[in-house]
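Asker: What follows is each chain in one-letter form.
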Amino acid sequence: MKIILKNGLIKGEKNADILIIDEKINKIGPANSIIDTDAEVIDITGLIVLPGLVDLHTHLREPGREDAETIATASAAGAKGGFTAVHAMANTLPVADTAGVVEQVWNLGKQVGLLDVYPIGAVTVGLQGEQLAELSAMADSKARVRIFSDDGKCVSDPILMRRALEYVKSFDGVIAQHAQDPNLTKNAQMNESELSGKLGLVGWPAVAEEAIVARDVLLAEHVNSKLHICHASTAGTVEIIRWAKEKNVKVTAEVTPHHLFLDEEKVSGYDAKFKVNPPLRKIKDIEELRKALAQGTIDVVATDHAPHPREDKEGEWDNAAFGMTGLETALSVVATAMVETNLMTWKDVARVMSEKPAEIGQLADHGRPIKENEIANLCVVDPNISWKVNAEETESLSTNNPFNEITLKSKVVHTIFRGKFSMKNGQVQK
Amino acid sequence: MNKHLISAADLTTEDAILVLDTARELAQISDRPMKKLPTLRGRTVVNLFFEDSTRTRISFEAAAKRLSADVINFSAKGSSVSKGESLKDTAQTLHAMGADAVVIRHASSGAPELLATKNWIDAVVINAGDGTHEHPTQALLDCYTIRKHLKNNDGNLAGLKIAIVGDILHSRVARSNAILLKTLGATPIMVAPPTLLPVGIENWPGEFSYNLEDVLSEIDGIIMLRVQQERMNAAYFPTAREYSRNYGLTSNRLAKMKPTALVMHPGPMNRGMEITAEVADSKNSVIVEQVANGVIVRMAVMYLLLGGSGEMGENK
Chain P
1 MKIILKNGLI KGEKNADILI IDEKINKIGP ANSIIDTDAE VIDITGLIVL
51 PGLVDLHTHL REPGREDAET IATASAAGAK GGFTAVHAMA NTLPVADTAG
101 VVEQVWNLGK QVGLLDVYPI GAVTVGLQGE QLAELSAMAD SKARVRIFSD
151 DGKCVSDPIL MRRALEYVKS FDGVIAQHAQ DPNLTKNAQM NESELSGKLG
201 LVGWPAVAEE AIVARDVLLA EHVNSKLHIC HASTAGTVEI IRWAKEKNVK
251 VTAEVTPHHL FLDEEKVSGY DAKFKVNPPL RKIKDIEELR KALAQGTIDV
301 VATDHAPHPR EDKEGEWDNA AFGMTGLETA LSVVATAMVE TNLMTWKDVA
351 RVMSEKPAEI GQLADHGRPI KENEIANLCV VDPNISWKVN AEETESLSTN
401 NPFNEITLKS KVVHTIFRGK FSMKNGQVQK
Chain X
1 MNKHLISAAD LTTEDAILVL DTARELAQIS DRPMKKLPTL RGRTVVNLFF
51 EDSTRTRISF EAAAKRLSAD VINFSAKGSS VSKGESLKDT AQTLHAMGAD
101 AVVIRHASSG APELLATKNW IDAVVINAGD GTHEHPTQAL LDCYTIRKHL
151 KNNDGNLAGL KIAIVGDILH SRVARSNAIL LKTLGATPIM VAPPTLLPVG
201 IENWPGEFSY NLEDVLSEID GIIMLRVQQE RMNAAYFPTA REYSRNYGLT
251 SNRLAKMKPT ALVMHPGPMN RGMEITAEVA DSKNSVIVEQ VANGVIVRMA
301 VMYLLLGGSG EMGENK
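Residue numbers (our numbering), protein chains in the order written: chain P, 1 to 430; chain X, 1 to 316.
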């Protein structure tokens with residue numbers, strides 16, 4: 001199979017033709033230079049070619065909540081959004097805390113074949129925060145797990161966190177922490193602020209995140225291990241990570257598209273599609289997160305794609321589920337928040353949405369340079385489209401996308417996964 | 001006026017005065033031997049109570065019945081709601097039954113707003129207390145009571161200072177009163193230990209204080225809030241005795257207030273905790289009268305929101 005991507009802008013910088021043969025990029029030549037009559041030629045003049053996007057934080061819900069999402073539907077949503085790899089969070093039913101479950105997720109991802117699904121293993125058995133899961137067995141499994149997380153729950157016990165950080169050093173693993181002090185956030189519903197007081201919703205204070213981030217960067221420094229901070233949401237977290245990086249602590253951090261774009265005011269109508277953990281914060285936090293992402297203090301954008309069935313999102317706020325979908329809108333949100341505002345270039349987008357996440361996940365075939373002989377994992381973005389999100393039009397089984405009705409700039413138009421279109425002209429190639 | 005009454009902030013100054021004036025007119029009718037008005041004949045008011053509150057429910061029920069409305073009481077306990085029926089399904093059921101107004105009490109902040117905004121039902125929604133959010137008719141009855149005693153039952157509440165004392169953090173009564181007192185020109189003063197004041201209190205309407213003694217001499221009225229036993233267990237304050245010593249309204253403290261100052265409490269009281277029996281039964285106390293005023297004010301709200309006609313048809 002041969003594909004020619006004709007006259008695209010590689011990472012928004014250089015016009016070129018890309019010839020893909022089978023799994024690999026066979027040749028890159030000057031614009032309009034490559035001619036091959038056997039190839040499928042796609043003219044992408046004016047469009048941008050990026051390495052296929054890599055998500056470090058995806059809830060695929062399978063096994064256990066196939067009413068919300070399956071590996072097949074999440075893969076389709078990912079392909080639609082330009083992703084060629086996603087990391088499957090461990091909070092499934094059963095929890096991904098054994099080699100058996102992570103291999104099952106890995107195999108299901110292979111069967112679907114629209115992108116690579118890399119399981120994240122649980123840190124503790126059943127996410128209970130009491131006993132370490134068999135981390136080494138997961139690392140040695142076919143799924144080759146390198147990232148471990150109790151996401152949704154914080155590894156709040158400091159001694160357990162210390163042991164986890166130490167233990168994964170033997171196979172160069174990383175602990176991805178959902179930073180949330182459980183005692184400071186009992187029954188918490190939204191960012192703690194004047195608005196939470198007004199709305200009568202229990203507050204989730206920034207300090208509950210920052211206290212854990214501070215503790216964990218100190219622990220990571222002390223045991224010289226790798227820490228990843230999931231969904232950083234506050235200006236204070238940014239400050240602590242900046243400080244830790246200056247001290248060469250092995251810490252990386254992610255921010256979600258929604259925390260780069262939506263602020264706590266959205267909660268005002270009690271519409272639970274804006275209910276998420278960590279909660280939407282203030283404009284000031286958004287500004288600091290954007291700056292930190294541009295400067296590299298925050299390394300990557302991760303979606304925290306969290307599908308929920310309709311009934312879990314349309315009732316009373318405090319009974320509704322936490323989480324938002326985001327695979328299909330992530331690139332457009334980042335483009336609107338970061339590129340349109342001149343905070344980042346397309347090259348930076350490639351860094352934060354593909355290269356860095358692949359590096360943290362230790363993926364060999366993703367986030368690679370767009371060069372000859374590399375595996376052809378690519379996406380093509382139209383930077384000139386403005387589109388209004390319709391949450392009902394989705395590949396996901398769930399419709400809880402908070403960007404519904406919001407107009408975004410740029411859109412992924414093609415995704416190429418291992419040399420084949422997984423999405424072409426907006427159509428997922430199922 | 002807005003179609004619904006969800007928050008005290010839904011009321012402009014003119015709206016709030018209209019409600020109080022309407023209540024004043026209705027009060028005269030309540031003094032007659034025949035208390036009933038035909039105003040809402042044929043209209044259906046549903047009392048949708050997801051949370052037990054006998055006092056509030058019978059107050060709304062009495063108000064609706066005095067306006068000749070048909071009243072349906074829907075209590076979550078023992079109903080399909082306790083079997084997991086969603087707010088949406090309950091709302092659509094009430095819609096199908098032709099409810100004209102839904103009086104909703106719910107443990108979740110925001111439930112009345114969802115009912116009013118989600119197109120599940122087209123009835124008028126009246127918030128009878130939602131979680132720790134708001135309880136606007138309580139604020140209206142408090143302001144009615146204050147106006148009656150201190151402003152000759154007329155106009156606004158300009159120049160008055162009213163302290164609200166106790167668990168401000170969890171109090172829907174405090175939120176609604178802070179807003180409505182401000183709307184009517186009065187100055188609310190929130191008084192509580194710092195643990196029971198919400199983050200951002202400095203930006204609330206009016207003033208706040210950690211010290212009850214400091215505000216006693218300047219206030220024209222005081223609203224004492226019930227302090228739940230469970231707050232003590234969650235370390236909001238060390239012991240009930242310490243709370244009571246610092247924030248309880250005693251005869252001693254009452255003596256430091258203006259002779260005309262009103263003592264109010266939304267009920268039910270913890271006598272001996274936030275208020276002593278002597279103060280609750282003192283000549284300054286209007287706590288029992290608040291209950292009567294509650295019925296009148298709720299009549300006024302239903303009258304205005306359901307577009308009452310008839311004897312008082314000039315008020316639209």
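Just to be clear, a hint being listed does not mean it is correct.
Derived DEER-like restraints, expressed as beta-carbon distance ranges [to be verified]:
#, chain 1, residue 1, chain 2, residue 2, range
1, P, E374, X, A234, 33 to 41 Å
2, P, S386, X, E218, 28 to 36 Å
3, P, E194, X, R41, 27 to 35 Å
4, P, E194, X, E25, 36 to 44 Å
5, X, P38, P, N319, 39 to 47 Å
6, X, D214, P, I283, 31 to 39 Å
7, X, G200, P, G296, 31 to 39 Å
8, X, R271, P, D67, 49 to 57 Å
9, X, P205, P, S386, 48 to 56 Å
10, P, E340, X, A234, 54 to 62 Å
Straight line, CA to CA, 25 Å or less: simulated SDA-like cross-link-like pairs of lysine to any residue [said to hold, decoys possible]:
#, chain 1, residue 1, chain 2, residue 2
11, X, K118, P, D263
12, P, K198, X, G185
13, P, K198, X, V71
14, P, K198, P, G315
Simulated from the structure, these hints should not be mistaken for laboratory data.
Note that this is a predicted model, so its numbers are computed, not measured.
Positions of the beta carbon are idealized from the N, C-alpha and C atoms, including for glycine.
Asker: Any of the earlier hints contradicted here, and which numbers?
Answerer: 1, 2, 3, 9, 10, 13
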